[in-house]
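Trainee: Those sequence lines, one after another, are chains A and B. Residue numbering for the first sequence follows the numbering used here, starting at 1 and increasing by one per position. Residue numbering for the second sequence follows the numbering used here, starting at 1 and increasing by one per position.
Don't take every hint at face value.
Said to hold, decoys possible - Computed cross-link-like contacts, DMTMM-like style, restricted to lysine to aspartate or glutamate with a CA-CA straight-line distance of at most 25 Å:
1. A:423 to B:4
2. A:40 to B:4
3. A:420 to B:12
4. B:123 to A:372
5. A:423 to A:372
6. A:423 to B:108
7. A:423 to B:49
8. B:123 to A:45
9. B:77 to B:58
10. A:420 to B:4
Said to hold, decoys possible - To list a few chain B residues with every Cβ distance to chain A over 10 Å, as calculated:
11. 39
12. 40
13. 47
14. 49
15. 82
16. 92
17. 93
18. 96
19. 97
20. 98
21. 101
22. 108
23. 140
24. 154
25. 157
It should be emphasised that the hints constitute simulated quantities derived from the structure, not laboratory data. As the structure is a computational prediction, the values presented were derived from the model and not from experiment. The beta-carbon is built from N, C-alpha and C at its ideal position, and this holds for glycine as well.
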Amino acid sequence: MAGKTATGKLKTQDHQAGALDVAAVRRDFPVLGQTVNGKKLVYLDNGATSQKPQSVIDTLTRYYEEYNSNVHRGIHALSQEATERYEEARGKIASFIGAASEREIIFVKNSTEAINLVAYGWARKYLKPGDEVITTETEHHSNIVPWQLVAESTGARFRYLPVRDHSAPFDIDGLRSLITSRTRLVAVTHVSNVLGTVTPVADVAEMAHAAGAVLLVDGSQSAPHMPLDVVDLDVDFFAVTGHKMLGPTGIGFLYAREELLDRMDPFLSGGDMIATVTMQGATWNELPYKFEAGTPNIADSIGLGAAVDYLSTLGMDRIEAHERTISEYAIERLQEIDGLTLYGPTDASLKGAVFSFNVDGIHSHDVGQVLDSEGVAVRTGHHCAQPLMAALGIGSAARASAYFYNFEEEIDTLVDAIRKTQKFFS
Amino acid sequence: MLDDLYREIILDHYRSPMNRGRVEHPDIHAEGKNPLCGDELIITASLEDESILEIKFDGHGCSISQASASMLTEQVKGRRLTEAEDLVELIKSMFKGEVEIDPDELGDLEALQGIRRYPVRIKCATLAWNALQVGIDTHRSSLEDAEAAPELAVFTEHSI
Chain A
1 MAGKTATGKL KTQDHQAGAL DVAAVRRDFP VLGQTVNGKK LVYLDNGATS QKPQSVIDTL
61 TRYYEEYNSN VHRGIHALSQ EATERYEEAR GKIASFIGAA SEREIIFVKN STEAINLVAY
121 GWARKYLKPG DEVITTETEH HSNIVPWQLV AESTGARFRY LPVRDHSAPF DIDGLRSLIT
181 SRTRLVAVTH VSNVLGTVTP VADVAEMAHA AGAVLLVDGS QSAPHMPLDV VDLDVDFFAV
241 TGHKMLGPTG IGFLYAREEL LDRMDPFLSG GDMIATVTMQ GATWNELPYK FEAGTPNIAD
301 SIGLGAAVDY LSTLGMDRIE AHERTISEYA IERLQEIDGL TLYGPTDASL KGAVFSFNVD
361 GIHSHDVGQV LDSEGVAVRT GHHCAQPLMA ALGIGSAARA SAYFYNFEEE IDTLVDAIRK
421 TQKFFS
Chain B
1 MLDDLYREII LDHYRSPMNR GRVEHPDIHA EGKNPLCGDE LIITASLEDE SILEIKFDGH
61 GCSISQASAS MLTEQVKGRR LTEAEDLVEL IKSMFKGEVE IDPDELGDLE ALQGIRRYPV
121 RIKCATLAWN ALQVGIDTHR SSLEDAEAAP ELAVFTEHSI
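Model the full assembly from the supplied sequences, consistent with the hints where possible.
Mentor: If you want it as C-alpha cells, here you go:
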C-alpha cells in the first residue's frame with residue numbers, strides 16, 4: 001500500500017498538531033543526509049525539484065517488484081492491482097486539491113503538458129480572432145509560449161501584465177484594467193518561480209469570470225507548499241507538476257472543471273482515450289480517460305499518490321507555517337549582505353520561500369559555483385523566465401528555494417557562502 | 001576544489017582584463033550570446049593583410065567567459081586569420097579532451113584546461129572563441145564589398 005510506509009515513518013510526527021519536527025522529517029529523505037564536495041549538503045533548489053521521501057521511493061520499487069502491469073485492460077490479478085492503485089492515486093490528488101470529482105484530474109507528464117493540453121484542447125477550439133488571452137510578465141516560459149502559439153494560430157490577441165515593481169504585491173489593479181469584454185482566458189502563475197510573489201487567485205478568478213473569461217493557474221510552485229482548494233479558489237484549470245511536490249519526475253496533473261473537459265477536444269489521441277473505433281471514425285472515452293491516450297505513466301502516478309499521502313500526513317498548514325518562518329529569516333539575513341540585491345517582496349506573507357538574488361559585480365554562475373563548493377545547491381540562470389529577467393534588467397540571477405525540510409541554520413550556511421563568494425572574487 | 005576552476009591566471013584576467021573595449025572601424029564585428037546565463041560578448045577586430053592588427057572584447061558575463069575572452073584577444077592579436085582559426089579548433093578540441101595545451105607555447109591558455117572538469121562551464125569558456133569564428137566566417141563571406149562596414153556576426157549558444 002502506498003500510504004503505509006509514509007504513515008509508519010511519520011509516527012514521530014504529532015499528526016496535524018504543533019510545529020514540524022524538521023530533524024525527524026529529514027530522516028525520511030535519504031538524499032539530504034549526504035555530503036557534497038566534503039561539505040554537508042544544503043539543498044536549496046526545491047523550486048527546481050524537491051527531494052523524495054523513502055515512502056515514495058519504496059512505492060515505485062514495490063510497483064515494479066510486486067504488481068507491474070498495464071492498467072484498464074487486463075483481467076488478471078496484477079493488472080487489477082495496478083489499475084486500482086493508479087485510480088487510487090487519482091483520488092488522493094483530487095482530495096488533496098479539493099476537486100469535486102476524480103473525473104477532473106488528468107494525469108500528464110508535467111505542468112507544461114497540462115498547459116498545452118488546455119492550449120490545444122480548449123483554446124484552439126474556442127478562441128476567435130480578436131479574443132484576448134491575458135498572462136503576466138512574471139510567468140515561466142511554459143505559461144507564455146503556449147499562449148503565443150495559440151494567438152498565432154487563432155488570431156486571438158496575446159496580452160500581458162507587465163512587472164512594474166518586483167518587490168510589490170501582485171498587481172491586481174493592473175490586471176483589472178487589462179481585462180476587457182474580449183478576454184477569454186486569463187493564465188497566471190500561483191507563485192512566481194523567481195520572485196515568489198503569491199497571486200490572489202480567488203480575486204483573479206472573480207475578475208476573470210465577471211468578464212466571461214476562464215482562469216488557468218500554474219500551480220507548480222504552490223501545490224507543494226500550501227493548502228489548496230480549487231473549488232474555493234474557483235479556478236477553471238490548475239496545472240501541477242509532481243516532481244516539485246515529492247513525487248517522481250515525469251508525472252503531473254491537470255485539474256479542470258468537468259463541464260469544460262466535456263466540451264474540449266482530445267489533446268493526444270490513440271489507445272485508451274476512445275470508446276469505439278471504426279475505420280470511419282471514433283468516439284471518445286468518458287472523463288478523465290478522454291485525455292489520457294496510450295499507456296499512462298503508471299508507476300510515477302502511484303508514486304505521486306504516495307507523495308500526496310506524505311504531504312497530507314505532515315499537514316499543508318504546518319508546511320506553510322514552517323516555510324513562512326524560513327522566509328522571514330532568509331529575507332532578514334540576505335538583506336544584511338552589502339551588495340546583494342534581493343528580488344521579490346520582502347514581506348514574507350506575500351511570497352513563497354523563493355529567494356532570488358544577485359551579488360554586485362559577480363555573475364550568478366560564479367555565485368552558484370562557490371556556493372556549490374560549500375555544499376549549497378541553488379539554481380542560477382534565467383529560470384525559464386527570460387521576459388522577467390529582461391524586465392528586471394538582468395541576464396540571470398541565483399535562486400535559493402526552501403522546502404519544509406530546510407532548517408534556519410541552512411540559511412546561515414547560505415549567507416556565509418555568499419560572503420565567501422564576495423571575498424573570493426574581490 | 002574551487003582553485004581547479006578558478007586558477008589564479010583566470011582570476012587575474014577576470015579582474016584586470018586585457019583589450020577590453022571596442023576597436024574603431026573594425027573589419028570583424030561579432031557577438032556571442034548565451035541566453036542561459038545572459039552572457040553577451042562583443043568582439044571587434046581590425047585586420048591588415050588577413051592578419052589581426054587589433055582586437056578587443058566588450059560585454060558582460062561570468063568570470064570564466066570574461067577571462068577566456070581576455071586570453072583570446074591576447075593570443076590572437078598579430079596572428080593570421082588562419083592561425084586564429086586553428087587556435088579556435090585547438091581550444092574546442094581541448095575542451096572535448098582530445099588534446100592537451102602546451103603551456104610553453106600558449107601560456108595562459110593552459111589555465112582553461114581546469115574547466116574541463118566542470119562541463120556546465122565549458123560553454124562559458126568557449127563563447128568568445130565561437131564568436132570569433134563566426135566573425136571570421138562572416139568577414140570572409142563579405143570580402144567582395146571591402147568598403148562596407150562589417151556585418152554583425154552572431155553566435156548564440158544553446159542550452160542543451
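Trainee: Confirm or reject each hint.
Mentor: A quick look at each hint next to the structure:
no.: 1; hint: A:423 to B:4; verdict: holds (17 Å)
no.: 2; hint: A:40 to B:4; verdict: holds (21 Å)
no.: 3; hint: A:420 to B:12; verdict: holds (18 Å)
no.: 4; hint: B:123 to A:372; verdict: holds (18 Å)
no.: 5; hint: A:423 to A:372; verdict: holds (15 Å)
no.: 6; hint: A:423 to B:108; verdict: holds (24 Å)
no.: 7; hint: A:423 to B:49; verdict: violated (46 Å)
no.: 8; hint: B:123 to A:45; verdict: holds (22 Å)
no.: 9; hint: B:77 to B:58; verdict: holds (16 Å)
no.: 10; hint: A:420 to B:4; verdict: holds (17 Å)
no.: 11; hint: 39; verdict: violated (7 Å)
no.: 12; hint: 40; verdict: violated (7 Å)
no.: 13; hint: 47; verdict: holds (30 Å)
no.: 14; hint: 49; verdict: holds (38 Å)
no.: 15; hint: 82; verdict: holds (33 Å)
no.: 16; hint: 92; verdict: holds (20 Å)
no.: 17; hint: 93; verdict: holds (24 Å)
no.: 18; hint: 96; verdict: holds (21 Å)
no.: 19; hint: 97; verdict: holds (21 Å)
no.: 20; hint: 98; verdict: holds (25 Å)
no.: 21; hint: 101; verdict: holds (22 Å)
no.: 22; hint: 108; verdict: holds (19 Å)
no.: 23; hint: 140; verdict: holds (31 Å)
no.: 24; hint: 154; verdict: holds (16 Å)
no.: 25; hint: 157; verdict: holds (12 Å)
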